[in-house]
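Undergrad: Sequence:
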Amino acid sequence: NVGKNAPKRFAIFTNILFEGIGKPGWTEGAVKLLEEDVKRGAKGLKIYKSLGFSVKDNAGKLVPVDDPRLDPIWAKAGELGVPVLIHTADPRPFWDPLDRYNERWLELKIHKGRKRGSQDEFTWEQLITQQHHAFRKNPKTKFIAAHMGWYPNDLAKLDSILTTLPNVSVEIGAVIAELGRQPRTGRKFFEKYQDRILFGKDSWVPSEYPTYFRVLETEDEYFPYHKKYHAFWRMYGLGLPDAILKKVYYKNALRLIPGLDASQFPQ
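The sequence shown begins at 1 in my numbering and counts up one residue at a time.
Fair warning: there could be bad hints in the mix.
[What the hints assert, rightly or not] Simulated pairs of lysine to aspartate or glutamate, EDC-like, Cα-Cα distance not exceeding 16 Å:
#, residue 1, residue 2
1, Lys228, Glu107
2, Lys32, Glu79
3, Lys137, Asp67
4, Lys46, Asp202
5, Lys109, Asp99
6, Lys56, Asp120
7, Lys246, Glu191
8, Lys4, Glu191
9, Lys227, Asp202
10, Lys49, Glu191
11, Lys246, Asp202
12, Lys142, Glu79
13, Lys23, Glu79
[Claimed, not checked] DEER-style ranges, computed between Cβ atoms:
#, residue 1, residue 2, range
14, Asp99, Lys32, 46 to 52 Å
15, Lys227, Lys23, 39 to 45 Å
16, Gly3, Lys109, 40 to 46 Å
17, Ser118, Arg40, 40 to 46 Å
18, Pro166, Tyr209, 27 to 33 Å
19, Arg255, Arg40, 34 to 40 Å
20, Ala262, Pro166, 33 to 39 Å
21, Gly29, Tyr229, 37 to 43 Å
22, Glu217, Glu36, 39 to 45 Å
23, Leu17, Tyr229, 19 to 25 Å
24, Glu19, Lys201, 26 to 32 Å
25, Lys109, Pro210, 23 to 29 Å
26, Phe10, Gly239, 27 to 33 Å
Rather than coming from a laboratory, the hints here were simulated on the basis of the structure.
Every residue gets a Cβ at the ideal spot worked out from N, C-alpha and C, and that includes glycine.
Could you build all of it, start to finish, from the sequences and the hints given here?
TA: Right, here's the structure in full:
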């Protein structure tokens, strides 16, 4: 229906049906399905955080993000020229002790199911390492690491990662509060990686967008985050120039995602 009624307004990404992974022919079938979905109009492949958290193979074993049975799928995405938008793990504090030093304390107290730890087979470090291994194994595939790869609090580390992984871009969904408390470092990062950062949002709620725009576009100081259960600090605008904003908002997406209608955006 989207393709018929609003083909210029939406770009649909497909998923992997993990059920049956490990059975004979599963990988080949998944590759074929990706090919068929792209022919039907899919513009990319979206991987949810269930990979590494809950996806199990036919033997009941948890599937790591860098499982070799997935490599032909990543390779096919590269061959087809569609990006892989991948969400791995959760914010690092979700694994930390739930004490006064955890800046996500109230969020984890309210949303108890978000707490990670001993019940999870893979640690945060293991999940992120698996993701980066998958990136390295498939250099011809374009990956978009959701939520800045969960390194918005350590842009120096993310800098080193992007330096060694030229096939990886990042998006900024759900991490604007982290960027807004380090405006000078954040601006330098956006200046350096302006061709590899995409605007992103986890939620469609219109009232949340002004916070993102304010951080990215203005030089305002000491303003609050829009949510009440985390980010209890004040934020500051990065004051990015229009040339960088255009890349973050749409030009990078036009380059990475095939078939988008460039006429829908200003030059």
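Undergrad: Against each hint, give a clear statement of whether it holds in the structure.
TA: We went through each hint and held it up to the structure:
no. : hint                         : result
1   : Lys228 to Glu107             : holds, 9 Å
2   : Lys32 to Glu79               : holds, 13 Å
3   : Lys137 to Asp67              : holds, 11 Å
4   : Lys46 to Asp202              : holds, 13 Å
5   : Lys109 to Asp99              : holds, 10 Å
6   : Lys56 to Asp120              : holds, 13 Å
7   : Lys246 to Glu191             : holds, 12 Å
8   : Lys4 to Glu191               : violated, 38 Å
9   : Lys227 to Asp202             : holds, 13 Å
10  : Lys49 to Glu191              : violated, 29 Å
11  : Lys246 to Asp202             : violated, 20 Å
12  : Lys142 to Glu79              : holds, 10 Å
13  : Lys23 to Glu79               : violated, 24 Å
14  : Asp99 to Lys32: 46 to 52 Å   : holds, 49 Å
15  : Lys227 to Lys23: 39 to 45 Å  : holds, 42 Å
16  : Gly3 to Lys109: 40 to 46 Å   : holds, 43 Å
17  : Ser118 to Arg40: 40 to 46 Å  : holds, 42 Å
18  : Pro166 to Tyr209: 27 to 33 Å : holds, 31 Å
19  : Arg255 to Arg40: 34 to 40 Å  : violated, 23 Å
20  : Ala262 to Pro166: 33 to 39 Å : violated, 24 Å
21  : Gly29 to Tyr229: 37 to 43 Å  : holds, 42 Å
22  : Glu217 to Glu36: 39 to 45 Å  : holds, 41 Å
23  : Leu17 to Tyr229: 19 to 25 Å  : violated, 34 Å
24  : Glu19 to Lys201: 26 to 32 Å  : holds, 29 Å
25  : Lys109 to Pro210: 23 to 29 Å : holds, 27 Å
26  : Phe10 to Gly239: 27 to 33 Å  : holds, 31 Å
Checked against the numbered hints given earlier, the structure breaks hints 8, 10, 11, 13, 19, 20, 23 and satisfies all the rest.
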